[in-house]
Structures are given as C-alpha cells and as structure tokens.
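Take the sequences, apply the hints, and build the full model.
Chains as they are written, first to last, in our numbering: chain A, 710 to 803; chain B, 262 to 756; chain C, 241 to 662.
Hints were generated in silico from the structure; no laboratory data involved.
One or more hints might be untrue.
[Stated by the list, open to error] Ranges between beta-carbon positions, derived for each pair:
(1) C:421 - B:486: 27 to 37 Å
(2) B:458 - C:490: 27 to 37 Å
(3) A:776 - B:540: 54 to 64 Å
[What the hints assert, rightly or not] With a straight-line cut-off of 25 Å between C-alpha atoms, the simulated DMTMM-like cross-links for lysine to aspartate or glutamate are:
(4) A:798 - B:462
(5) B:505 - B:536
(6) B:552 - B:365
(7) B:348 - B:375
(8) C:563 - A:756
(9) A:798 - C:287
(10) B:571 - B:388
(11) A:798 - B:300
(12) A:798 - B:718
(13) C:563 - B:449
Glycine is no exception: its CB is placed at the ideal position from the N, C-alpha and C atoms.
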Amino acid sequence: MTERTTAVDAEEVRHVASLARVDLADDEVGRFAEQFEDILTYFERLDEVPEVDHDADLTNVMRPDEPRECLETDAALENAADTEDGFFKGPNVS
Amino acid sequence: MTAQTVQRGDLVTVIGLEVHVQLETETKIFCGCPTAQTDEPNTNVCPVCLGLPGALPVLNETAVEAAVKIGKAIDASIPEETRFHRKNYYYPDLPKNFQITQYDEPICQDGELEIAVEGERRTITIERAHLEEDPGSLQHVGGGGGIDTAEYTLVNYNRAGVPLMEIVTAPDFRTAAEARAFLAELEEVLEYLGVFDAGRDGSLRVDANLSIVDGEEVDDEGRIGTEALEAANRTEVKNISSHKGAEKALAYEETRQRNAIQRGRVVEQETRHWDESRGITVSMRSKEAEKDYRYFREADLPPLRVSHWKDEIPIPELPTARRERFREEYALGEEAASKLTSTKQVADFYEDVAREFDPDLAATWVADELLGELNYRDLEITDVAGRLDAVHRLIELVDGDEITAKNAREVVLRGMLDDGDDPDEIVEREGLGKTGADEVEQAVLEAIEENPEAVADHEAGEAGAINFLVGQVMAKTGGSADPGDVNGLLREELE
Amino acid sequence: MSVNAFITETELEGTDEGPLSGRTVAVKDNISTAGVRTTCGSKMLAEYVPPYDATVVERLKAAGATIVGKTNMDEFGMGTTTETSHFGSTDNPAAPGHVPGGSSGGSAAAVAAGEADLALGSDTGGSIRCPAAFCGVVGIKPTYGLVSRYGLVAYGNSLEQIGPFAQTVEDAAALLDVIAGPDERDATTREAPDGEGTYADAADGDVDGLSVGIPTELLEGADQGVIDAFEETVETLESAGATTREVCLPSVGHAVSAYYVIAMSEASSNLARFDGVRYGHSSDAGGNWNDAFGRTRAEGFGDEVKRRILLGTYALSAGYHDKYYKKAQDARAWVTRDFDEAFDEVDVLASPTMPVPPFELGESLDDPLQLYLADANTVPVNLANLPAISVPAGETNGLPVGVQFIGPAFGERRIVRTASAL
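Spelled out as structure tokens, the structure:
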C-alpha cells in the first residue's frame, strides 16, 4: 500500500458531522472513519491534476425587477411541522 | 488619514465597520416577491425565498444596478468578472441554511468615503462592498423573550431575500463619533443615489469590530500595522441598527475594553450583541467561525460581467460635490450649504427656489425657517413633500414683498404646516396682505397734515421726528405697511 | 407483478391537447409536482407535498401527457442501484433479481415494465444512462442548460439535468422536444443553437459518413461481455456507413474523483435546508436549534446521504478546500478540454454506458468506493456539461448492456441520429 497522507480519525468525522448538523452514533463514527479513509485515499489522485483555467460560457443572466405572485401563507406553511399565527415555529437559538 | 499625535503608552481604539444596507427594489434579490414591509408574517414568500426543495435563484437586475451606483459613488473599482458564493452555516432565519453572498470576487473593491468630524475631514477606506440576500426575521418567545432565554422561535421569511449591500471599511476609525459620522455620510450618499430608504425598519444594520492597541503601533500617518491589529483581541459587536446606536454601542464597548486592560485583564476575542434597551453589549454564542463557512461558487447564478455599467449608469451629484457647488454658485456659508445638502430632497427644493428668487432669501427660508419648523415638529422634508409647492408660493409672497417676513414666518408657515392651509388663504383670512401703495400714500399725506409740529421738528433736523411720523402711518394702516417703505415715502413728501 | 417502480401512483391529466396526448409519463420523485408528494426516496421528505410544479411538469401537462406516478430512486439521487431508497428497492424488469440501476431506477423500470410509455429521470453522474442501460431502455442526459432544473430537488446542481426515458430513441427524443428550452426561473438554461427540425426528427438512422471516436480509457476495466456487446454495436454503425477511430481522453482517469468531490460538496450545501422547520421530517427529540437540527437530520437521512454530506463538508472545509474542491474544479476543466479536443476530430464518442452488467439486488451495498468506480464512463459527461444517450446494445449472460453516445454541447440531434441507427 502506498503511503497515506490522509488520515481521517474519529475526531475529524465528529467535527464535520457537527458542521453538517448530523448526529452520529459511535458505531457510525467508526464505520464512516474507515470508509472515508478509503474514499479520500482514492481522491488523492487529484493531486496530479494540473491547473486548468476555464472561462464561464454564460454570463449576466438577470431578471427585471417585476413582482410575481407569492404563495398563500397557508400554502407556505403547509409542510411545516409546527406553526403559530402565520409563523414557522422552530427550536430556540440559545 | 490625518496624522495623530500619539504618546508612547497610550491606548488607541481601532474600529472597522461592516454595514448592511437594504437596497430599494420592488422585488427581492433572487425572486419576484415584493420587498414592501407588511405586518402579516410569511405573506411575501415563494418557493425561492422559502428555500423550498427545487427552487432556484434568478438575479434581480435592479439590485445589480444599485450596487454599481454605490460603487461609482464610493469611487470603487468594479471588476471585470464578479460572482456569487454560498456561505454555509445553520441558523433558523436562513431558509436554505446557506446565504447567497459574494466572497473573493465582490462587485465593488477599494472605495473610499470622506467624512468630517468636528470640522476635520478624513477619508475612510472601503475595502469592499458586495451583494447578498437578507435572512428572515426571528422572534424569541417565552422565557422573557431574550435571545438567550427563549423557549422557542417564531420565524417570518418576509424579509428573506431582500437585497442587501454589505459595505466593509478598513479599520480606519479611532472614535465612536467617527464611526457615527461615517454612517450618517454613507446614508446620505445612498439616499442621494435613490437606492436606500433610511425610514424603513431595519434598513441599516451594522456589525462593528473594535480593538484596543498600544499607541506605539501607530505610525506617523496614523496607520496601524496588520500584525498589531491581528495580535490585538477584538470583539465583533452585532445588532446595531442606527448611527446613534453605533456611537453608543462602540463607546460602551471601548470603555469596557479599556477598563479590562487597565485592570490587567485580557479582552476576549468574541462576538457581542448590542442590547439597545439596556445600553450594553453582551457576549453572544457565535454561529460558525469564519473558517467553517465553506464558501464555494453558487453554480445556479452565472457570473456577472458588468464593469462597463459604471460608464453607462448615471448617478446624481453627491452631497460633498453639491455642498461645494452651493457655496460657490449661491455664495452660501459652510453651515448653510451643509444644511441645504443634508438630504437630496432639501437640496433639490432649495435649488428650485434659489433659481427663481434671491438665493440668500431662499437659503434663509429653506435652511432656517422651513427646516427649523420641521425640526420643531419632528418632521422630515419627505413628510411634507406635498406641501412644498405651498412653501414655494410663500417664499414668492415674501420675495414679492406682499407680506412681511414676520407674518410669513409666524402666521403663514406655521398655519400651512399645522393646518395644511394654502398661504394665499391664510393671508386673505388674516388680512396680512401688505397695504396697497395708494392707501399708504394717503396715510402719509394725512400724517403730515395732522402733525405740523413733527414736520417742523424734522425740518429743524431732529432725527426722532421722522420715526414719530412713521409710527403714525403704521397706526393708520393697521401695521400692514412696510416701515421702510413708509420712511422713504415720508422723506419724499417732506423734501 | 409489480417491480416497485413507483413511490406514489397518481393520475394527473394533461391540461391541453398536445404532442403527448394519450401518452403516460412516469416522473422521478425528485421532480416537484404540485399537490403530489415528492419524496426524493427519503424519509426526510416522505410527507412533503410541493406547492408548485417543476417547469418540466408544467411542460408535460401543457403537452397533454398524463402523469401516472412518481418513481422510486436512490435517496436524493445518491446511488447507482435504487437500493438507497427509503421506500425499498426496485426490481429490474429486464433482469429480475437484479438492480435496475440508479439513481433513476424507478423511471427506467416503469418504462421497461410497460407501466408508463415514457419517463423523466435526472442525471447528475449517470443516473439516467445507468438505469437505461441496466433495464434495456433508452435514456438521454441533455446538455447542461438545455432543460430547466426549476423544481428538481438539487443534489449536485452544477452537474445535473432532467432527461427522458423511452422504449425507442424517437420517443425519448420526442419527450426531450417537450421539456427542452430556456426557462426564466432557471438562470443556467439557455436557447440551444439552431438545429434542423425537432430532436425526434433527428432519429432518422442516417449515420453515413459519421465519424465515431472510441475513447480507449472508457473500455479499460470493462467486463468482457460488455466489451463484446459494445464491439458488435460499433460494427453495426460501421456497416451503416460510419467510420470509427480510437481517441484519447487522458484526463478521465481523474473524473470519478473530481465528480464525487464536486457532487458531494454541492450536496452538503444543497441538503442543508432540510432542518425540519419549513418542511420535511422534524425530530421530536427537542433541545435547542443545534440539537434539533442534528437529530432531525440523523433521523431523516439514510447512510449514503449522510456519507456524501459529511465527505462534501470535509472537502469544502478549511484546510481541505484547495486539496479537494479546487483540484476537482481543475480536473473538471481538464476533462472539458479533453472532450473539446476530441470533438475537433470526431462527430460523436461511443463507449459502454456501464462497465458491468446489472448487479444482483443486495450485492453491492457494503463497499461505497467500488460502487462509485462503476460510474467511470458516465461522470465525465456531467463534468463536461455534454449530452449523452444510452441505448440498448444486446445482452451478456442474459443481462442487458447499454452503449453510450456522447455529443458536443447542444449536439443532441447528432447523438439521437447515431443511436437511432441501431
């Protein structure tokens, strides 16, 4: 096996999981750490890729400042788990 | 920047601002929902600004035009190509849990704005200004309603997607007053451009970075090295929503940090929340750290190539230039010129009157009389936009010598503002019209005939005699004659 | 016997008489249908009912089509087998006991089983072409920007397009005619350069004089049975007057890495919105917003989705962004340049769609990397924003094989014409 420059430990998996707001059980952390090791090692081949410039072929796509129809409040709230007086209701932010 | 004398061992306050201003557009930045304010929650929303699965952003051209106008006004460069990025963080006011903003390719770079504080002019560097979407708004409910104590949150996405321009200054401010002056000047410029409405709730929001560094780090130009700035712990103060608030919050924070340093404590690098009602800043749990935002290009929005718009989109004359021109063109003093350019509407109205009547008279009437009365009533010129024709007419009456200045000011102007009456109506009703020339002449002749002694005294060279005669004429005309005119007429008759 | 092609069966009648009057269409369940739940094959959206129609759904209705159901798929499009669906796997009507391919497995299976005349899928890295090949039907991945993505629940938004499935090349092209064209709600769509006639008109089988390039890299590592079927196809084209030659795409060895880094990075951001506040699953666990979001997402997403979100978060995070995300963008530009150069020499490129025949159900779930490598032939096309079509090319050991024709940007007519010669 070639030398690995990527080592994914459980701590790193926990860190990205917290950034991504996905709670993981301990066994998931271990399993993902192993799989990430394999996958990221494979991705290492990107190191060999030269710098290549690419110009965007589509630019300046804009719309005029004209109002369009909004959703009815009921329709906007219809899929929400919890609402109150026309508001979405969510957990506290403390 | 002006050189400042800094003593060894002095502590210097360093402030930088990130100013978020809502741009005046009909619709949101990425969808066709109206930006108009409404009390009903979640009414100006659609799949795009609610972040519904599958919805896509499409950029509002007017928001980009506004950004270019701002770039022009602050003398910034508009790069050949500019793009949008996603800033990834979780917060319940953020419908997609990322914000579409600009990162390393902002639409405005390297601008500046001149401010004056206590008569001293300074140029503040604006590092960048970029377009982004406003998040929604949160209400913290239960537990006293504090952000840190509430039981749950109510979310309203009406504001989500309102176009914002974030204007980031260099850490060029040394006092809270300078920061306030900058905000006032910036607001004035934005209003002149017609891209901003200061009267709108939450239209201006400021995050301020403040740190205290050793005076030794300040060079002869008043600049502070990057290393010293980075070494100093700074706090980011959020939730500032006005110039006054900025000055208060920064003054509070400055004192708090200086006290900590004097007591030998370390100032913590942290985000603090300005609590306007309590007049203090409080430590706030941070969202993500800058390094965790995982910025990357927003592929749903093709890049912009709009640098040439800078040449194509006109902007009006800006306050500083207009002030200078007023001083020259209308021979106004600094104070009058400053008052008369304080808002575009005032300046436009002044020019309207000054072109027609005597510029000095116009200046007195707009800067002193009108603005004075408005200020007394806590009104802005925009509140009486529909009455400006009437004010114009009133100045015409004064200029034409048809009423006295005193009556114009004390009776007519106040009546117009308080009761909404027309100046001509008030003059008619109150009988304020200056008395006709014939009537005055008649009164002059009568006064001469009835007072031979005074005439004799006058002819004998007694100075007070003519004043007695003027008084007699004024009494006969019920005070509506002009005392100066009467004086002239009497002298003519007596020669 | 049902193959579990549909997550939700429905009957939405077209509003007008049109080119699709009387035809039934199955729609992948990541394409929004007003009033009909759109689950993306996920527990997260099991009860989500969009209040709006995707642009392609509006166009289907206006063309007179009848939408018969929302089809099964790998969760949020993340998979090659349709086995990551929260709603169970779909059997392959052309090879029972095998996967239908993915992620648009339900759409391909619905057409293969005759449960719909036509179907729409989405293709981020092969998700139309793979199931078309595995189920023995035709599938088209259009040029990026030809078909509106408005209403398509995003997975890798810089890579994906909605496209058609059908039993024949001409039918698939006719469905493309209905859904193609710029949309003011999708800023990445644009008018295709003028071409002669409709896409369906191009299905005339005339390949006389056509030059076909065969990228040698896309045959490496392919199953021998697949290569044999592919070579027979090439011979058929040659006998119809086409010329063939080998071409080189040196960059494609990096395509799988580049594709997964980009797709996962975009997915980590695109799927951030599922936090249980506005729509979708919401955990009962309580707590503040951090706790609630973390629980909601842990409960609502399956393993493969979590894996890709976490890897994408990692690839974009401080310290790794330049190593992975930025390098993947370079690789993407490199792949694009390689294709550009190839199209200077040939009219279309041909390869096996998938290097292997369909896996047995349940066979492939344990090793994610091996499954990613199966996308080697399809992902370069998405990286380069190009159009490609997969058409049936016989069988190996009784299992369907597909061949893929790739065209230059907006060269849909050319690949339709080529495919129609088989």
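Which hints, by number, does the structure contradict?
Violated: hints 1, 2, 3, 7, 12, 13.
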